[in-house]
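Student: Since each chain comes alone in its own frame, lean on the hints to assemble the complex.
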Amino acid sequence: MSDFLMPKLGADMSAGTLVAWHKKPGDKVRRGDIMAEVDTDKGVIDIEAFSDGIVESLLVDPGTSVPVGMPLARLSAETGPSPPTPTSPSVPATPIAKLTPVPRASVPSAATASPVDLSRLRISPSARQRARELGVDPRTVQGMGRGGAITREDIEQAAASRTTVTESTTSPAMPSSVKPAETVDRNLRMRQAIAAAMSRANREIPHYYLSTTIDMKAALDWLAKQNEQRSVTDRLLYGVLLLKATAVALHVVPELNAFWQDDRLVVQSSIHLGVAVAMRSGGLIAPALHDADRKSLSDLMREFRDLVARVRAGGLRSSELSDPTITVTSLGEQGAEAVYGVIYPPQVALVGFGKVVERPCLADRNLVDRPVVTATLAGDHRATDGHRGSIFLAAVDRLLQEPEKL
Amino acid sequence: MSEPEIRETVLRVLGEIAPEADLTLLNPQARLRDQLDIDSMDFLNFIIGLHKELHVEIPERDYARLATLAGCVDYVATAIRSNSTA
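Same order as they appear, the protein sequences are chains A and P. Here the first sequence is numbered in our numbering, starting from 330 and rising by one per residue. Here the second sequence is numbered in our numbering, starting from 2 and rising by one per residue.
Same shape as in the complex, but just chain P (with noise of 0.2 Å):
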């Protein structure tokens, strides 16, 4: 999967979880949490979106390193990378 491609299902994911924002304004080095209106539970669920759509277990801890649209992109490709040569 392409990083255009990754980069379109986060966003997805994310209108799912926040409909009412232009996620095309969206700073790609800012925390979502500044930009966005969501909480711990629209969090855990933009988590949930992403390990339906693309099988990529997140463990808690890695949390951080989804807080803003680069770090999600980044953080899923490096993990789709590892599935497929594992």
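Just chain A, with the same shape it has in the complex (with noise of 0.2 Å):
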């Protein structure tokens, strides 16, 4: 038997609100299928299940606002529903949205005690320590370390959450939800989450910034004929250069493809680019191409127009708010010509495009014009240092004068 828990989808998320489930009890459900919708700051999200199993309750209805690590919904194995254990009936049978909310960090209690034993919950010593001197419940804490352990940061992380939380569920007038969705300003919400998230990185992140200006003429000479070859629909944008190139660069400088975590850096084996993009109403999300290194530019453009479609226009899965490792963010032909971005924790570096400008260059002593595009990376200290950083940028540059093997 698991539990089904409210996921944390990002370092600036502390509770989501249920706006639907997609599964009822007894219903099969394997990993990576969508279980619910829930409403985050950053727009309605589908949640997915985190493993294989048999629906036994939901725990929760729609219209309650759930922190980050409570349970939704109870799995049993796939086996058949589980026999009866003399542990159930002292599970309490209401569900949480009866209970009234409290501040997830108080002490825990008979009714809001959480089912997870405390023993079995993945957190380092530290991470416990700390959660003792900040009078956190680890139980009530999604961990966003590696196999979904509790590192410092997030307990550090929900307890400077702990006050958002506490006026945002204990309501006396409303005690089994907060307000409807429609009535928060997700403007503003999604302005205090990214305030969070930035303030966080700015305060513990000690970055540093190198930028380099890479010539873009053989990979628009590229891309155009390619364009000329597809269809409207298979056409690539070469922003999508930039992912690959960014991705595949990552293979020669693998440091920067990871997460600092228990004062350590912790290097990912997956390369998963989290790609920044704005949102209409203002406001921005960063969900996860995963795999990007593997992919064919084809099959990127594909998957990256279908993530932008629902940055726009909702249905984001809560694997790819979760797990990006690195983040890129490409200002396109509006924006400026270098962006220095803030890292979002826990990663450990950001690399930015701006826009692709024509300017005079010297090829073989004659005086050119180029499309040039300044090329940045905001690196974590902690974790690398400008050396590795430059190899990465010099990675990036050396990979996009040969498009066709992109």
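Be aware that a few hints might be false.
Unchecked claim - The calculated lysine-lysine pairs, modelled on BS3-like cross-linking and capped at a C-alpha distance of 30 Å, are:
(1) P:K53 to A:K554
(2) A:K546 to A:K684
(3) A:K734 to A:K624
(4) P:K53 to A:K624
(5) A:K554 to A:K352
(6) A:K624 to A:K554
Derived from the structure by calculation, the hints contain no laboratory data.
Tutor: Have a look at this one:
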């Protein structure tokens, strides 16, 4: 038996409001199936199942605000209905939704303790210690570490968001749910979430910045030829070349594709590019293009288009928000010439591309006009230094000179 | 297809790309990108939308001719005319 918990969809999320269930008790679910829709400051997100199983019970009614890490549903193993165990009756039969919401970090009482056993929690000793210091109940914290382990940062984030959660969930007039999501100003909430994540980033991450100018002639010439042969629905944008080059260059300097957790660098084996997409209503989201280094340009373009469409129209999936390993921001044709980004914790790097501009360049001692793009790297100095960062930007440059190999 | 019909279709496709914009305020002679918050992905989706709705092939080298509303209507009208005479 396992609990299906409210996931933490990024460093800035503390709670979400259940909008609708996609499964009912008795339904079989596979890992990755959409279980529910949850309203967050990033819009309504499709939440995926973390494991296979059969839905045993739904613990929360639509309209309920649930802190990150609290159970939403109970799944049983797939071999059939789980046999009655002596512990089942002690599990509160009342759905969480009926309980009076309490600040997530309060001292656990019988009514609020989640069924997660403290001793089974994946939590590092230093995070456990920090939790005690800050008075945070680790059972209410969703781990962002490897395999869902709870890190010091998760605990600190939980403590920092405590005040907000208290305000948004304890309303005497409406004990079982917060105000309907529609009435909450989403722009304001998104601004607050960005503010929280970026303030934490600037407080904790010693950023360093590098920038280099990349000649885009080879890439753009190759792209124009490609697009001549492609039907309109299969055409590539140069932004996809930048994404692929970034992903492949991370093989050269893998320590940029990593998380900073528990005071050490944890390099990630998969390359999931968080692609910053501006929202029409203001704000931005950086959902993941999974395994971008291993995909063809056509596949990457298709997925990128799909991702942008879902940022705008809804339907982002929880995995796309929770697992980017590095962020790429590309300002596009209307943008400025260079962007120096703020790293999204626990990531350790952010790659930025300005707009492509025509500039005079020297080629074989002749002055020529060339399309160029300024590529920047914001790096976490705890994790890497400028030397390794420079090697990374040089690799991006080199890859873009041979676009046919991307 | 008449020009007002083409214009209406172009505006409908634009409306799907930029749902927040009041398209009645568009200056037909000014660049769409200067009046609407659209990036290269939006513009590509706009071209794909025109292709699907009006069955015109729009090669990338012609994108510049679709920079304004007037340019779009003109381009599509010409393309449809040459389709029907071909």
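Student: Hints numbered earlier in the text: which of these fail when held up against the supplied structure?
Tutor: When the structure is compared with the hints, only number 5 turns out to be violated.
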